[in-house]
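Trainee: Following the hints, put chain B in place on chain A, whose structure we already have.
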Amino acid sequence: MYEEPYRWIEAVGNRRQYLDEQFAKGSPVVALAYADGILMLTVSRGTPKLYEIYDRIALGGMGHPADLEKLRFSLLEMAHVEGFNRSPSDVTGARLMKYGLAPTIKQAFEEIYKAPFIAKILLAELGVKPDRDLFLSINYDGNFEESRGWAALGATASVQGRMRRYVESQPAVAQAQLAQAVELALCTWAVGSLAQAVSESTAAESSSTQVSEEKTEGNGSSLPDKAALLAHVRQTVGEKSLECVLLERRAPGSAKYRALRPEELGRLLPPAVSAPATT
Amino acid sequence: MGMQGDFFQLLKEQGYQFGSPVAAAAGMEVPTATTILALKYRDGVLIAGDRRATAGNMVMYDRTDKVLEIDRHSVMAIAGVPATAYEMVRVLEHSFKYYRRTQLQELSFEGKLRAVSKLLKENVPAALAGTGAVVPVFAGYDHEQESAKIYFYDILGAEFEAVEYAVSGSGSPTIRGILHYVNTWGPQPLATLPEEQATIQALRLLSSAAEFDSATGGVNRELNLYPVVKLIKASGVQTIPDADLKRLHESEVLRGR
Chain A
4 MYEEPYRWIE
14 AVGNRRQYLD
24 EQFAKGSPVV
34 ALAYADGILM
44 LTVSRGTPKL
54 YEIYDRIALG
64 GMGHPADLEK
74 LRFSLLEMAH
84 VEGFNRSPSD
94 VTGARLMKYG
104 LAPTIKQAFE
114 EIYKAPFIAK
124 ILLAELGVKP
134 DRDLFLSINY
144 DGNFEESRGW
154 AALGATASVQ
164 GRMRRYVESQ
174 PAVAQAQLAQ
184 AVELALCTWA
194 VGSLAQAVSE
204 STAAESSSTQ
214 VSEEKTEGNG
224 SSLPDKAALL
234 AHVRQTVGEK
244 SLECVLLERR
254 APGSAKYRAL
264 RPEELGRLLP
274 PAVSAPATT
Chain B
3 MGMQGDFFQL
13 LKEQGYQFGS
23 PVAAAAGMEV
33 PTATTILALK
43 YRDGVLIAGD
53 RRATAGNMVM
63 YDRTDKVLEI
73 DRHSVMAIAG
83 VPATAYEMVR
93 VLEHSFKYYR
103 RTQLQELSFE
113 GKLRAVSKLL
123 KENVPAALAG
133 TGAVVPVFAG
143 YDHEQESAKI
153 YFYDILGAEF
163 EAVEYAVSGS
173 GSPTIRGILH
183 YVNTWGPQPL
193 ATLPEEQATI
203 QALRLLSSAA
213 EFDSATGGVN
223 RELNLYPVVK
233 LIKASGVQTI
243 PDADLKRLHE
253 SEVLRGR
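From first to last, the protein sequence lines stand for chains A and B. Using the numbering used here, the first residue of the first sequence is number 4, and each one after it goes up by one. Using the numbering used here, the first residue of the second sequence is number 3, and each one after it goes up by one.
So here's chain A without its partners, still in its complex pose:
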């Protein structure tokens, strides 16, 4: 029945709707360049969502753990074989994205008889110099984009748009110390997380008005202030765990990736989040 072009387009449309629903409960991922490198942050429950891919490349993901794991393995394999046969400096985020991830994800998305990958992936690449830092993100349909300075994954384009608006409204952290970058990342994460909660509840009430709702979501409603955002983080972190990894430009040796230990992260958190919980 899918042989007809119209049916196929319809099937792909259904697939989008199905996939969008899958991400609604996921946790956004934020990556930012700061003075000494790149930081990536998310809040996870159970399985980790941030990983090391290669010496200068970190991965953050949203979606089904099994799908993420499969894609992560294919990236690791490609990066290491390439790094061994050529050289570590030939392993770049752009090539991993263009030749490793995008074709696989797009194919799985369009083969409507098979299951798509329930995954959105963000790759952060630490450049030799700060102006070469690069962020690449890919959607479940194989569309990917590059950005500089920062990047984020959220459940929908409108959630990501809101996170973008927030980051752009704040002072830049490219020259800032880690603690300041962590604070901005946390707030941006909270913007995304709150937006997802709102669109999920409204979607539950009436799924027919989704389009108009997304529009207002993207442009209209004002962004919450920092105190509200940090309160949301604090509330969430109580039941889930905060994950934060760094790519440090000045780290000794070739591998620049490092996951922050909980006590280290605790010292970096803004007081509004780290103060002992009273509830």
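It should be emphasised that the hints constitute simulated quantities derived from the structure, not laboratory data. For every residue, glycine included, the Cβ atom is placed at its ideal position computed from N, Cα and C. Any given hint could turn out to be false.
What the hints assert, rightly or not - Anything over 10 Å on all C-beta distances counts as not near chain B; from chain A, calculated:
#1 Tyr21
#2 Ala38
#3 His67
#4 Gln110
#5 Asp144
#6 Arg168
#7 Ala175
#8 Glu203
#9 Ser225
#10 Lys229
#11 Ala230
#12 Lys243
#13 Glu251
#14 Arg264
#15 Pro273
Stated by the list, open to error - Here chain A is said to cover these stretches of chain B; the calculated rule only asks that three of the stretch's residues, wherever they fall, bring their Cβ under 8 Å from a Cβ of chain A:
#16 9 to 16
#17 65 to 78
#18 95 to 101
Mentor: This is chain B only, laid out in the frame that chain A set:
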């Protein structure tokens, strides 16, 4: 499907060959000579090597680095055919990283040792053909046992733990005797030496090796060439800067000048 997280297996699946034997041409000399040493001192392990590469009577290169960091906590010092040795280090480096990144945990110290002997075993045909023999000393920090350890190997891949020190290369017979003497009857056992004293011993030992073995390079002050000396402690591998080696060499190794 092989073992999970096995990078060497992955390479082989892709057609990679390690240590394929090539019959040595008659009279061909392969560069093998060197002196490397590792000793336990107060805070961990010191591992050092000279920097000369030779082919027969020819000095090929005086800036070779034979003490190679495989990761933040392990170092391999190599004596033998450099081409094979460097390839081994590259395979190990990627294997440990691949394991850590896929399995989300560090390969155990024993796992690392096994990886070294596995590679040496793969290399046996090339070693016997005379074109690829490597005799490494592997040292690293074992987090489970909280101590730095030294292992040495024969060309067939057998692994031996060194209790106090290990040496390899053409200059090693000279310094093996000295190490035994100093450790047994010297003012204090090597294992209790502080960092600077251990470094002085290493410099003196390598200078002795260079004195009696033409294939071991000594210190070349004119060109500012010093041996490579690394320390392995709980915090990781640390290389002693040339400036420090120069100072120690001038004050503690040279006599009456």
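Trainee: A separate judgement is required for each hint: does it hold in the structure or not?
Mentor: Hints, one by one, checked against the model:
1. With 10 Å as the threshold on Cβ separation, the claim that Tyr21 of chain A sits away from chain B holds: the shortest Cβ distance comes to roughly 30 Å.
2. Every CB of chain B lies more than 10 Å from the CB of Ala38 of chain A, the least distance being 23 Å, so the non-interface label holds.
3. Every beta carbon of chain B lies more than 10 Å from that of His67 of chain A, the smallest distance being close to 18 Å; the non-interface claim holds.
4. Every CB of chain B is more than 10 Å from the CB of Gln110 of chain A (nearest about 22 Å), matching its label as outside the interface.
5. Every CB of chain B lies more than 10 Å from the CB of Asp144 of chain A, the least distance being 27 Å, so the non-interface label holds.
6. Every CB of chain B is more than 10 Å from the CB of Arg168 of chain A (nearest about 35 Å), matching its label as outside the interface.
7. With a cut of 10 Å on Cβ distances, Ala175 of chain A stays outside the contact zone with chain B, its closest approach being about 31 Å.
8. For Glu203 of chain A, the shortest C-beta to C-beta distance to chain B comes to about 30 Å, beyond the 10 Å cut-off, and the non-interface label holds.
9. For Ser225 of chain A, the shortest C-beta to C-beta distance to chain B comes to about 41 Å, beyond the 10 Å cut-off, and the non-interface label holds.
10. The beta carbon of Lys229 of chain A sits about 34 Å from the closest Cβ of chain B, which is more than 10 Å, so the claim that it is off the interface holds.
11. Remark: the non-interface label on Ala230 of chain A is consistent with the geometry, its nearest Cβ contact in chain B lying 36 Å away (cut-off 10 Å).
12. With a least CB separation of 19 Å from chain B, Lys243 of chain A remains clear of the 10 Å interface cut-off, as annotated.
13. Distance check on Glu251 of chain A: its Cβ is at least 13 Å (rounded) from any Cβ of chain B, clearing the 10 Å threshold; non-interface status holds.
14. No beta-carbon of chain B is positioned within 10 Å of the beta-carbon of Arg264 of chain A; the least distance is around 14 Å.
15. No Cβ of chain B comes within 10 Å of the Cβ of Pro273 of chain A; the nearest lies about 29 Å off, and the non-interface call holds.
16. Counting residues of the region 9 to 16 of chain B whose beta carbon lies closer than 8 Å to any beta carbon of chain A gives 4, which meets the minimum of three for the stated coverage.
17. Coverage of the region 65 to 78 of chain B by chain A holds [criterion: at least 3 residues with CB-CB distance below 8 Å; count 3].
18. Under a criterion of three residues with beta carbons nearer than 8 Å to beta carbons of chain A, the stated coverage of the region 95 to 101 of chain B is upheld, 3 such residues being counted.
Comparing the model with each earlier hint shows no violations; every hint is respected.
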